[in-house]
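Trainee: Input sequences plus hints: build the corresponding full structure.
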Amino acid sequence: MRVTESKAYNSNFSLKTDIPVVSVRSVSKRFPGAIALDNVNFDILEGEVHALLGENGAGKSTLVKILYGIYSPDKGEIYVMGRRVRINSPKDAIKYGIVMVSQIPQIIDRLTVAENIILGLEKYGLTSRVSEVREFIKVKSKEVGIAVDPDIEVWKLSYTQKQLVEILRALLIGAKVLLLDEAITFLPLIEKRKFYKFIRNFADKGGSVVLITHKIYEAMDIADRITVLRLGRVVGTVRRDEVTPDDIRRMMFAEKSAQITYERLPTSKPREVTALEIRDLWVMGDYGVHAVKGVNLTVRAGEVVGIAGIAGNGQKELIQAVIGLRKVEKGSIRLYSEDVTNKGVTKIRSKGVGYIPDQPARFGVSLDNSIEENLAMLPVVTKRLIKWSAVRELARKLINEFNILTPSPKTPVKLLSGGNIMKVLVSRELFIAKRLLVAYNPTRALDEVTAIMVRRIIKEKAIKEGVGVLMASEDLDEIFQIADTIAVINSGKIVGSFPGDKADRDEIEKLMVM
Amino acid sequence: MRIVLVKRIRPLPLGGVLIPLFSIIIGVLISTVILYVIVGASPIVTLSCVASSLISPEIILTFLFLTILGVALLVAFSGSIWNIGAEGQLWLGTAAAAYVALFTSLPQAPMVAKIVMVLLAMAFGGAWAAVAGVLKAYLSIDEVPVTLIMNYIAYYIINYLVRGPWLGKETWGYIRTDMIPDQVKFTLIPGSTTITYEVLVLTILTIALTYFMLKYTSLGLRIRVLGSNPDVLKAAGVNVRVLIIVALAISGAIAGAMGAAQLAGYLHRISYPIESHTANYGYTAILVAWLSMLDIRAVPIAAYIVSALYQAGISMQIAGVSGASATYVFIGAVLLTFTVLRVFSEYSIKIVRG
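Going down the list, the sequences are from chains C and H.
Okay, so the first sequence: first residue is 63 according to our numbering, each after it adds one.
Okay, so the second sequence: first residue is 93 according to our numbering, each after it adds one.
A short list of chain C residues far from chain H (calculated; beta carbon distances all over 12 Å): (1) G138; (2) R196; (3) D211; (4) L234; (5) I252; (6) K259; (7) D303; (8) T306; (9) P307; (10) E334; (11) K355; (12) K555; (13) D563; (14) D566; (15) M576.
Quick list of in silico lysine-lysine cross-link-like pairs, BS3-like style, CA-CA up to 25 Å: (16) C/K224 x C/K254; (17) C/K449 x H/K307; (18) H/K326 x C/K413; (19) H/K326 x C/K389; (20) C/K476 x H/K307; (21) H/K326 x C/K409; (22) H/K307 x C/K459; (23) C/K445 x H/K326; (24) H/K326 x C/K476; (25) C/K472 x H/K307; (26) C/K445 x H/K307.
Worth flagging that the hints you see were computed from the coordinates, not collected in a lab.
Here a beta-carbon is modelled for each residue, glycine too, at the ideal position from N, C-alpha and C.
Mentor: So, in structure tokens, the structure goes:
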């Protein structure tokens, strides 16, 4: 576990008796068939980093969306600096200095950084020129410690840089309270540290940060106080230095917290059959250069091969090529000895291949459709005619097995929480994966209890059913827990391969950043 | 005090019924005012024309045709494929049916001939729409301009045929084809001069089969998913290109069937030039599909409303209070009101004090 080894981000923060900057009182919000928030009280103090923790569907996002004016509460009050306010839109929220940054960058790809930032600035109207703002941006960005070229087009930026621009923009429009809704959860650890530095910096200067996350170590790394939500209720608010990760786990999951473990799952004994054989694979990335450069990999039936690496080293392209979504320039992919190179997704999927993609809302599920429909749309689930009774039975089975919180199998998926949407996808793909599972960050949006359950199920499928698993993950804990073979990817090449039970963590981390 | 719009978690219950209903009431009232101010039409005359049209038997044929076409467009629209070309697709269907009726020996077996007329019309209408589908699927060319332009190509192809090789022998100077043989004309139901058994059957079949397709086949489900997220279908292993082409082809085929019905059930011949003889059902049906809010059960309701307004405009002209364009005042006002009212289905209005 890598919980709170870094004391560098601690502050001298002490509870002041001042009026909270933002105060939420007895707020309730009900969605059809479910209570999202039940009588929630929540205070944000000046100069604090306050983590809001909870398992999938606990109500974290609902609460910050109420603070940011996206939802309106059914009941309850919000106070800013002791004065009662109504926040009906993000515009109102910004007026009170409350700004949200979400996990998906909202900036426009075609525009430059400066152009994007101007869009949000009230004091620069329709007639102001970009050149006037550039200086302002340069000065301000130096002040907050974010180095970014204002003239670069956004599509050229990495995900980390985009999130930095989002935060810069939030600060420039005058944020006093920053709501980070899983905004840094998906960043690689090294990049995350950069953010910690200036979250702390911002708080030291009197700003307040609400860090919404389902990752305990993230909260333990940086927060001054932690509020835990469970099933829409506040379990408690604690000071970080008074608790251990295990205390927090018990608050988040109650009796279920006993299921959490980071011990290695049993190593499987792979069969003699080769499930997936990748030979000298070359795949193009999005910007016209090779992202995968001559990769060789073998996955035997019943074996879990974990690809460790920092985001953006070719994992995405490799995975997409294997599933048939990206063209193979050179080399070959064989599935149980059959050549499937550039044979297309339909063909590859029909061979019993499950796929958990990196962007679940785009490539994994259709948000407007129900759980049932998200199952029935797959060619491997339905042929020509849909037998809804059979689909419903399958949906019920997956809902129970994975404890998906949903009013019914007919509810549009977009009404579920992020983690529950991920469960819909993961459960479906595990069901489909009869011979091979290809996955990228399969547990990223899931809370610890669910993530560990998913890993167990993946492992069980490998050991009992002989399914081959190729899984790329940016979470090394995950790789170490589940992989029989660990392959390290760096700049599109496999730079090392180790048996999972004997691999040395330091050596792998070194290869990842080399 | 301020008024704010709050997005609903779920669309308004009964919105599918209430919103079109209010749109008509408000739209008709607005039209009454416009017609009074501009041409001085007495509101009493206007409203009585609308009221009598709602119960007029004259509207039944238009209602049936618009229902079929509304369903045709609903298929494409469900997949976010904006087929603006029902007009061309239906006329191509009419031409295909006319070919069978006039230039083959099939009419000697009337039952066979009628079925072949409809099937060939569907094949032509479908193929015509599929051209736009292929362009969209393989070259990412927007289907809106393509389907729209192809309407005019269809008109001019038929104009050419009617003036040239298909010109009739007994036309008394008119440029038009001969009448189709009596035995392939659809059978009028007793007491009506326009409604035929075949058109009734066709309408019911269209609704039933399309409902079944959208609800109980993987094809229909995938067309609906296509409307919200094509990427997920690709990753699921669905051939999205083929799906786009098939969706447009089905849409065009249903429009083509209506084209055959228009020939065999009502027109009985094709007259030159098409653009001044067409009732523009293909365009009016876009309104029907929109008013239904893409719910197939609401298509007949929407078609009924639109056909009544259509008729109201004609009654106004007969009554001598305004031109035929009153029809478009009604339809325009209703569509505009509907567009505004639809917001209430997705959003609720809250008044904020302080």
